[in-house]
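J.: Protein chains in written order, with my numbering: chain A, 1 to 115; chain B, 1 to 113.
Check before you lean on any hint, since a few could be wrong.
Non-contacting residues of chain B with respect to chain A, defined by C-beta distances greater than 10 Å in every case (computed) [to be verified]:
no., residue
1, LYS19
2, SER20
3, LYS52
4, ASN62
5, ALA72
6, ASN79
7, LEU83
8, GLY84
9, THR111
Computed footprint of chain A on chain B; a stretch qualifies when at least three of its residues, placed anywhere within it, have a C-beta under 8 Å from a C-beta of chain A [stated by the list, open to error]:
no., segment
10, 7-17
11, 94-102
Keep in mind that the hints were calculated from the coordinates and are not lab data.
None of the values given here were measured: they were computed from a predicted structure.
Backbone N, C-alpha and C define an ideal beta-carbon position, used for all residues, glycine too.
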Amino acid sequence: GNSVTQMEGPVTLSEEAFLTINCTYTATGYPSLFWYVQYPGEGLQLLLKATKADDKGSNKGFEATYRKETTSFHLEKGSVQVSDSAVYFCALRVISSGSARQLTFGSGTQLTVLP
Amino acid sequence: DTAVSQTPKYLVTQMGNDKSIKCEQNLGHDTMYWYKQDSKKFLKIMFSYNNKELIINETVPNRFSPKSPDKAHLNLHINSLELGDSAVYFCASSQDLQGYGYTFGSGTRLTVV
Numbered sequence: 001g002n003s004v005t006q007m008e009g010p011v012t013l014s015e016e017a018f019l020t021i022n023c024t025y026t027a028t029g030y031p032s033l034f035w036y037v038q039y040p041g042e043g044l045q046l047l048l049k050a051t052k053a054d055d056k057g058s059n060k061g062f063e064a065t066y067r068k069e070t071t072s073f074h075l076e077k078g079s080v081q082v083s084d085s086a087v088y089f090c091a092l093r094v095i096s097s098g099s100a101r102q103l104t105f106g107s108g109t110q111l112t113v114l115p
Numbered sequence: 001d002t003a004v005s006q007t008p009k010y011l012v013t014q015m016g017n018d019k020s021i022k023c024e025q026n027l028g029h030d031t032m033y034w035y036k037q038d039s040k041k042f043l044k045i046m047f048s049y050n051n052k053e054l055i056i057n058e059t060v061p062n063r064f065s066p067k068s069p070d071k072a073h074l075n076l077h078i079n080s081l082e083l084g085d086s087a088v089y090f091c092a093s094s095q096d097l098q099g100y101g102y103t104f105g106s107g108t109r110l111t112v113v
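Only chain B is shown next, with the shape it has when bound in the complex (with noise of 0.2 Å):
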């Protein structure tokens, strides 16, 4: 009964590849998140959807493009990969109330040859 999923665990693929990562919640949650982590561990925010709506879009390259078809789902698309993606992608969710953390999935560790 896992409570934020993201598939694919695992994505190498080659540099100017397109790709997508899938995010699903079933927590209810209003607001959902991607996250980049790289090789020291340092998270850094993405975006952000709130109930399907887009606030937060952190400086990242327009390659990248999440889409919310609904409040349970949020996905990532990559166009033309290079070699510095290659990191590890977190999707989480929340409920936006004093006192809530967020709900991360396990990961997807993307790599590009």
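Next comes chain A alone, as it looks inside the complex (with noise of 0.2 Å):
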């Protein structure tokens, strides 16, 4: 079957610091892989994605590459704000015939930036 694991948190870092947040992967199939966001009080909102191996997605300074060898898709910024403080969620997805086609999610990774 399909899982995401990702990296347990809290984590909480100071502004302008380095972040990375493990996420990897098991599928049958070739998946496609995405991190989405949820600030307090909302709904998850997609954050970037990437399709197939060697990819990599990018969006507000965030960046992920898809590495098929290590099936893994590490979330990193170069400098978090406080405004990036919020809950981090790796998930994929398989479209093929046979295969459940829902986005299986990792448990989510709670990040807080300080000032």
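Using the supplied hints, reconstruct the complex from the two chains, each of which is provided in its own coordinate frame.
T.: Here it is in structure tokens:
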């Protein structure tokens, strides 16, 4: 089956620190990979995605590279801001005949950035 | 011009009551979902409908019943509410195409007292 393992939180950083949130996956077939962000009191928003090996997704200074050899999709940002405080979810989805087509989520990582 | 809209945003009710949450999407997506998010932020899929047909029905109490009158709407009805039903419920929609993620609604915070 499909599964996503995310680094456990919470993660607390000072402003301008470097961020890495680890994500690894197992999947049958060829997954697309996603990072979603949930700000306090809001729904989930797509942050970035990658649809094939070696693709790099990027948005708002965040980046993640689809690494098939290590089955990973780690989220990075060079300099975090207080406004980045949120819960981050790694997810995968496989669209192929016979597979469950829903998005499979990791458990989420709470990030708090202190001024 | 909200893409996926849920109502109500907040719902406080007593144990034993019956309540409904409505969801509508204007994206033309074929598939809609209900997720439950617990207090630890863990997301659990409950149901999925594709073109009004139920395709995912995870292990949830049969007090929960989804209804999809058309492919733009997926409502969630809950009978005999219990304290453990308190959570945030998210509706989402998607196309069944490689590379597509979901578009989520803003959630309904249900509190059972």
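J.: Look at each hint and say if it fits the structure.
T.: Hint check results:
Once the 10 Å rule is applied to beta carbons, LYS19 (chain B) is consistent with being away from chain A; the minimum gap is 20 Å. Once the 10 Å rule is applied to beta carbons, SER20 (chain B) is consistent with being away from chain A; the minimum gap is 19 Å. The Cβ of LYS52 (chain B) sits about 16 Å from the closest Cβ of chain A, beyond the 10 Å cut-off, so the non-interface label holds. Against the 10 Å criterion, ASN62 (chain B) stays outside the reach of chain A, whose nearest CB is about 20 Å from its own CB.
Chain A leaves ALA72 (chain B) outside its interface by the beta-carbon criterion, the shortest separation being 18 Å against a cut-off of 10 Å. With a closest Cβ-Cβ approach of about 25 Å to chain A, ASN79 (chain B) is found to remain outside the 10 Å limit, as its non-interface label requires. Remark: the non-interface label on LEU83 (chain B) is consistent with the geometry, its nearest Cβ contact in chain A lying 22 Å away (cut-off 10 Å). Every beta carbon of chain A lies more than 10 Å from that of GLY84 (chain B), the smallest distance being close to 19 Å; the non-interface claim holds.
With 10 Å as the threshold on Cβ separation, the claim that THR111 (chain B) sits away from chain A holds: the shortest Cβ distance comes to roughly 14 Å. With 0 residues having a beta carbon nearer than 8 Å to a beta carbon of chain A, the segment 7-17 of chain B misses the requirement of three or more and the stated coverage is violated. Coverage of the segment 94-102 of chain B by chain A holds in this model, with 8 residues showing a Cβ closer than 8 Å to a Cβ of that chain against a need of three.
Going down the numbered hints, you'll see the structure goes against just number 10.
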